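2 protein chains.
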Amino acid sequence: MSAKACHCKIVDCTIRDGGLVNNWDFSVEFVQHLYNSLNEAGVEYMEIGYKNSPKLLKGADSAGPWRFLNDDFLRTVIPNKGKTKLSALVDIGRVDENDILPRSESLLDLIRVACYIQDVDKALELVSLFHERGYETTLNIMALSNVMENQLIEAFELIRESVVDYVYIVDSYGSLKPTDMSYLIDKFKEHLPNKRLGVHTHNNMQLAFANTLVAVDKGVELLDSSVYGMGRAAGNCNTELLVAHLPNAKYNIRPVLDMIEKHMIPLREKEEWGYIIPYMITGMLDEHPRSAMALRDTPDKDKSVDFYDKLTTPEVVHSK
Amino acid sequence: MSAKACHCKIVDCTIRDGGLVNNWDFSVEFVQHLYNSLNEAGVEYMEIGYKNSPKLLKGADSAGPWRFLNDDFLRTVIPNKGKTKLSALVDIGRVDENDILPRSESLLDLIRVACYIQDVDKALELVSLFHERGYETTLNIMALSNVMENQLIEAFELIRESVVDYVYIVDSYGSLKPTDMSYLIDKFKEHLPNKRLGVHTHNNMQLAFANTLVAVDKGVELLDSSVYGMGRAAGNCNTELLVAHLPNAKYNIRPVLDMIEKHMIPLREKEEWGYIIPYMITGMLDEHPRSAMALRDTPDKDKSVDFYDKLTTPEVVHSK
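Chains as they are written, first to last, in the working numbering: chain A, 71 to 390; chain B, 71 to 390.
Careful, some of the hints might be misleading.
[Claimed, not checked] Computed beta-carbon distance windows for the label pairs:
{"#": "1", "chain 1": "B", "residue 1": "N322", "chain 2": "A", "residue 2": "F143", "range": "31 to 39 Å"}
{"#": "2", "chain 1": "B", "residue 1": "N322", "chain 2": "A", "residue 2": "P149", "range": "54 to 62 Å"}
{"#": "3", "chain 1": "A", "residue 1": "D142", "chain 2": "B", "residue 2": "A319", "range": "53 to 61 Å"}
{"#": "4", "chain 1": "B", "residue 1": "S97", "chain 2": "A", "residue 2": "N140", "range": "55 to 63 Å"}
Simulated from the structure, these hints should not be mistaken for laboratory data.
Since the model is a prediction, treat every value here as computed from it, not as a measurement.
Ideal Cβ positions, reconstructed from N, Cα and C, are used throughout, including at glycine.
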């Protein structure tokens with residue numbers, strides 16, 4: 071609790087980012103229970119999946135429906151929408167404009183566009199399209215810890231002139247410390263005075279919640295999280311921690327605890343995410359967790375000394 | 071990495087605080103491997119157990135030898151002491167003065183006295199004794215989140231006049247947020263300008279590492295941690311995270327990863343600690359984890375909604 075009121079909103083990414091863990095193999099009942107829990111808990115947004123097109127992605131057949139959200143399907147999943155708004159993420163080059171209905175005909179409220187720094191221009195074209203169709207929009211710039219500031223400054227110029235509502239600082243590799251997060255937020259605020267901000271954190275170094283608290287203190291308004299931290303590799307900031315600690319009287323942790331008890335604990339027995347040493351290592355080395363994810367799929371999954379040696383030996387070429 | 075050099079030192083508490091998890095059932099080989107790992111990693115102190123007297127404690131028979139350190143035994147465990155110093159913790163009323171050899175006859179370098187605020191006077195008497203016998207000393211004030219500031223100010227007066235080398239801020243319940251930790255450190259610095267400070271954190275809300283980073287930024291010199299976070303209930307700040315991130319060139323994470331791979335991962339299969347929802351709940355409610363520890367010993371261990379209801383229903387009396 072804090073005397074300072076909090077104007078931030080939570081965007082729960084359990085299905086979307088968590089889907090990267092289990093190939094979006096969530097039952098309809100699971101997703102409904104999550105929606106109702108978040109709605110009761112007072113969480114403002116639920117990101118219910120990706121709005122990419124299966125035509126534009128390899129290996130699409132095996133994925134669950136939350137990877138390629140369909141508006142008709144969505145209506146059967148959430149027949150009685152509550153206060154919690156629905157969000158979808160799209161990736162550059164993987165979205166078919168024809169799939170995007172006007173907001174008035176969709177259950178979705180928010181469409182978020184994720185991109186790397188070099189694709190900000192393309193991302194903003196998509197943002198513009200979604201904006202015209204009536205959606206709230208965000209631009210999520212990934213892997214900021216690997217971006218040189220001159221590139222960032224160039225991107226800021228495009229963003230400033232765009233219609234995007236929120237701009238996200240995404241700690242893709244879970245490598246930012248609170249002082250780094252603080253630095254980036256100040257930089258974004260300085261160059262984007264006309265935009266609202268969001269943060270998406272990863273928990274490689276057990277700093278996802280702490281970095282999100284830094285964002286709250288600095289007036290960032292959209293906070294991404296997942297129930298029980300479920301998300302790719304080390305996972306995200308935990309929704310239950312935000313609901314428990316943000317100074318907003320409307321939040322209620324009880325439904326989130328219920329979701330954890332009924333669904334997340336059993337799911338965690340089958341699927342893996344969280345603070346796991348190979349993910350800590352990619353976080354400390356400030357690189358993509360894909361090498362650690364590959365390691366976790368082998369019998370050597372806990373051989374972290376060899377793994378560390380491979381990533382830190384200069385002669386060995388490895389790609390980020 | 072940071073441009074600012076770090077004058078802090080790590081006190082690894084794996085055996086002492088981790089012993090609260092497994093009743094100090096660590097093999098000599100485990101403890102030796104840990105000592106050698108910490109020594110190679112550049113960790114300054116290893117807290118190898120408690121120096122309480124078995125005569126003054128109930129249920130002492132079943133505990134491993136690290137609960138009642140004996141100087142002769144210690145010499146057989148660490149026949150070749152390296153640079154890493156050895157530490158032991160004592161509790162008020164559980165230590166027999168006659169057990170404490172002069173430092174010149176012991177492998178121990180540091181003796182730490184843990185107490186609640188109302189026992190600071192008694193603790194300082196013990197500190198004085200250990201100081202006279204040649205040891206470095208710390209005073210570890212527990213459960214500070216439950217202490218009123220007038221009591222703290224009174225305690226500061228006693229501490230200022232004492233011979234104690236370091237005074238610890240102990241977040242016993244894992245309930246402090248970085249802003250709280252920052253507040254307490256400022257308070258300690260203001261009232262104890264002649265003392266060095268230490269922090270001991272718990273990870274109930276995934277803030278142990280973040281709170282320790284706050285301490286580093288504020289010049290706190292002794293940082294408690296455990297390998298793989300092993301400690302009572304939610305555990306402590308992770309030694310591997312400190313070794314990976316503190317700006318001190320001498321630290322080497324590789325031996326710590328080796329300890330985790332060889333010993334901690336297998337141990338975690340048998341014993342439980344870390345971010346577990348009932349511990350998160352006692353952390354958010356700012357109370358001792360004993361109710362959560364009791365719950366985890368029952369078949370209802372994951373029934374966190376009922377647990378939450380019990381702790382938050384006003385009619386139900388529960389003691390802290």
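Hints and how they fare:
1. B:N322 to A:F143: 31 to 39 Å: violated (53 Å)
2. B:N322 to A:P149: 54 to 62 Å: holds (58 Å)
3. A:D142 to B:A319: 53 to 61 Å: holds (60 Å)
4. B:S97 to A:N140: 55 to 63 Å: Cβ of S97 (chain B) to Cβ of N140 (chain A): about 57 Å, so the range 55 to 63 Å holds.
Checked against the numbered hints given earlier, the structure breaks only hint 1 and satisfies all the rest.
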